[in-house]
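Make a model of the complete structure from these sequences and hints.
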Amino acid sequence: MTVQYKVLPGPEHYLPPSAASMGIRLPDPGQGHINGRIVPEEEAMEAAARQFLMAKVPTIFPGPLVLWAWNEKAAKKATAIRHLYETIKECITPSQKPMLIPMPDYRPKYPKIDPEVEINPNHPNLTIWHNKIDACMFVGVHCHQANLSLKIIRGGTNCYTIAMCAQAGHEDAMLSFRDATADKIMRLAEWVRKLKGSVQPSEN
Amino acid sequence: MATQSVIGTKNKKGQVFADPWHMMNEAPRTPCFFTGSEVIKEAIRRANVDVMIAYPITPQSEAAALIGELFAEGYIGDYFRGESEFAVMGQCAGAAFGGARVFTTTAGPGTMRAMENFPMWAGARLPIQMIVTCRGINSPLSIQPDTLEISYLMNTGMLVWHAESAQDFYDWMLKGFMVTEEPDVHLPLALCCDGFFVTHTKDMVNLTPVDMCLPPYDPYRAPVPCMDMECPPVRMMRDPFVMKSNYISYATHASWQQEIWAAAERSRKHTIAWLDGLIEVENPDADVLLVASGTAVSQGREAKVLLEEEGIEVGIVKIKVLRPWPHEEIREATKNAKHIIVPEFNVTGWLAKEIRATIPNSERVTGPRVCGGMTMPPEIIVEHIKGALGIKVAAMAGRGS
Chain A
1 MTVQYKVLPG
11 PEHYLPPSAA
21 SMGIRLPDPG
31 QGHINGRIVP
41 EEEAMEAAAR
51 QFLMAKVPTI
61 FPGPLVLWAW
71 NEKAAKKATA
81 IRHLYETIKE
91 CITPSQKPML
101 IPMPDYRPKY
111 PKIDPEVEIN
121 PNHPNLTIWH
131 NKIDACMFVG
141 VHCHQANLSL
151 KIIRGGTNCY
161 TIAMCAQAGH
171 EDAMLSFRDA
181 TADKIMRLAE
191 WVRKLKGSVQ
201 PSEN
Chain B
1001 MATQSVIGTK
1011 NKKGQVFADP
1021 WHMMNEAPRT
1031 PCFFTGSEVI
1041 KEAIRRANVD
1051 VMIAYPITPQ
1061 SEAAALIGEL
1071 FAEGYIGDYF
1081 RGESEFAVMG
1091 QCAGAAFGGA
1101 RVFTTTAGPG
1111 TMRAMENFPM
1121 WAGARLPIQM
1131 IVTCRGINSP
1141 LSIQPDTLEI
1151 SYLMNTGMLV
1161 WHAESAQDFY
1171 DWMLKGFMVT
1181 EEPDVHLPLA
1191 LCCDGFFVTH
1201 TKDMVNLTPV
1211 DMCLPPYDPY
1221 RAPVPCMDME
1231 CPPVRMMRDP
1241 FVMKSNYISY
1251 ATHASWQQEI
1261 WAAAERSRKH
1271 TIAWLDGLIE
1281 VENPDADVLL
1291 VASGTAVSQG
1301 REAKVLLEEE
1311 GIEVGIVKIK
1321 VLRPWPHEEI
1331 REATKNAKHI
1341 IVPEFNVTGW
1351 LAKEIRATIP
1361 NSERVTGPRV
1371 CGGMTMPPEI
1381 IVEHIKGALG
1391 IKVAAMAGRG
1401 S
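These protein sequence lines are chains A and B, in that order.
As numbered in the numbering used here, residues 1 to 204 make up the first sequence, in order.
As numbered in the numbering used here, residues 1001 to 1401 make up the second sequence, in order.
Calculated directly from the structure, the hints in this document are not laboratory data.
Source: prediction; values computed, not measured.
It is possible that part of the hints are untrue.
The calculated label-pair distances, taken between Cβ atoms and stated as ranges, are [unchecked claim]:
(1) A/E42 x B/P1284: 35 to 43 Å
(2) B/N1011 x A/E118: 53 to 61 Å
(3) B/L1306 x A/E43: 33 to 41 Å
(4) A/T93 x B/M1154: 50 to 58 Å
(5) B/E1332 x A/P201: 44 to 52 Å
(6) B/E1282 x A/E43: 53 to 61 Å
(7) A/I38 x B/H1200: 42 to 50 Å
(8) B/M1115 x A/V117: 36 to 44 Å
(9) A/P9 x B/M1154: 30 to 38 Å
(10) A/D183 x B/P1028: 35 to 43 Å
(11) A/E42 x B/E1332: 28 to 36 Å
(12) B/H1022 x A/I38: 24 to 32 Å
(13) B/D1211 x A/E43: 52 to 60 Å
(14) A/Y5 x B/Y1250: 19 to 27 Å
Every residue, glycine too, gets a C-beta built ideally from N, C-alpha and C.
Encoded structure:
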């Protein structure tokens, strides 16, 4: 492959390729990736915080693995996610509109999803379009379903995607963490607070 | 829930749940003189398998029966015979959906009969391990070694590995569970060998300690919910995309297919670590390079010795992993070769076709091939190489030569 593929905000293509098929590899422990480039995790933390602070509609999409308290870790992560959301709210300007939209399950929704209350991996673009979401973070979504969503979003929207993955990460996101814990989510919230006031909201 | 927590504890048979890397790479080995079928049994004894489902078809029947003995001894959670190969593979899916580590064996027409299940396994992200002891598949039937069935498996979305020897088989079975159960992979594995050549011959095999076994499979790390009739992948089967004719359904299905092959791509990193590369290369600077998989590699090694006695230098590339396809490795290994010889035990020459599609100047790639259970004496490979080099040789078996 002579040209290095970059995982960038779309809309990319009618049917974009999976990033893995284009040679993008997942990070090792202690690393993250930005646009397919492997970086130290702390660099990814700062970049993710900047995206939240720049976005007009920074949004967190919590999935089933953190929406229900099926074990202690899930409950702790849910608390951390709520804390991150509240931190983003505190650190942005009144012109920005943060959202917290759940992905409660993976069933295709017929005849039509209600994009104001949920997102679905089979047609995530509908929720992104409806709410004009320009930066989002997936957390607590099963990896297969997250990849499905991330690729469809890259194909049809201009939304910047972040994955806070509890397993090996997601190369189909523009920015990905791996081995997510409640502490890691809290660290991201700290980065948002640390950068408060130093990042201007996007004008696009 | 986390596999790490059980390392060092014991299962009901008194085996210690070992760190897999230590068990496979550092723990002492015991040499044993076993048939390939017995080796399959010994690997499963140490694999902490929850469910094995069997159906008789030569040449895997013996291995399946031996694993039944393991069930009787208490090493496997459940074991039964299905109604047919098709039923077996469906039952394997059911067990894997339920969160079990699942193992099965098949061969030849059995593989073909069950074929519909394999893309379903891959699509549902089920890390089932299936041993394929390859044999003839066409009428008039032959139970003898023939690798044609591998070519059908290569586009199912499964990982496909091709073992050369019983030692490969033993190690790769255990390592296979480690690769396929990674959450970023989580795909089924077809671990193939050439029937009879590997299954029914005895060889020295170095076994890991019998009092060690792999830690249990952790379904909570799966990239899909382990069992939920209302959610994909199960939901997709009773309410599939094919029932909906709209762009969203098609786009989701397309993205889903891409994700299966993306998962296979992700297996490279883990497979390279566990198998020490997708290919093995010996003397890549030789003008003549033998590139093969399975027991054709062994025959190639014999041919190499014969040729070197005559002063003809030959290199060998052993392809261990067929899916994901090691295209970069093969391009690199073959870049200097003038003649690329691909000996195969099948009529279509699927491996040579794959290699031709991978490298520049593909006219460098030629046979020889046998099929239908014929053996491939190393002299056949020697004859072919001499022919490629323009060295005149007498025909080996031609009437009137």
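Tested hints:
{"no.": "1", "hint": "A/E42 x B/P1284: 35 to 43 Å", "result": "holds, 41 Å"}
{"no.": "2", "hint": "B/N1011 x A/E118: 53 to 61 Å", "result": "violated, 43 Å"}
{"no.": "3", "hint": "B/L1306 x A/E43: 33 to 41 Å", "result": "violated, 57 Å"}
{"no.": "4", "hint": "A/T93 x B/M1154: 50 to 58 Å", "result": "holds, 55 Å"}
{"no.": "5", "hint": "B/E1332 x A/P201: 44 to 52 Å", "result": "holds, 48 Å"}
{"no.": "6", "hint": "B/E1282 x A/E43: 53 to 61 Å", "result": "violated, 41 Å"}
{"no.": "7", "hint": "A/I38 x B/H1200: 42 to 50 Å", "result": "holds, 47 Å"}
{"no.": "8", "hint": "B/M1115 x A/V117: 36 to 44 Å", "result": "holds, 42 Å"}
{"no.": "9", "hint": "A/P9 x B/M1154: 30 to 38 Å", "result": "holds, 35 Å"}
{"no.": "10", "hint": "A/D183 x B/P1028: 35 to 43 Å", "result": "holds, 39 Å"}
{"no.": "11", "hint": "A/E42 x B/E1332: 28 to 36 Å", "result": "holds, 35 Å"}
{"no.": "12", "hint": "B/H1022 x A/I38: 24 to 32 Å", "result": "holds, 28 Å"}
{"no.": "13", "hint": "B/D1211 x A/E43: 52 to 60 Å", "result": "violated, 45 Å"}
{"no.": "14", "hint": "A/Y5 x B/Y1250: 19 to 27 Å", "result": "holds, 24 Å"}
Comparing the model with each earlier hint shows violations of hints 2, 3, 6, 13; every other hint is respected.
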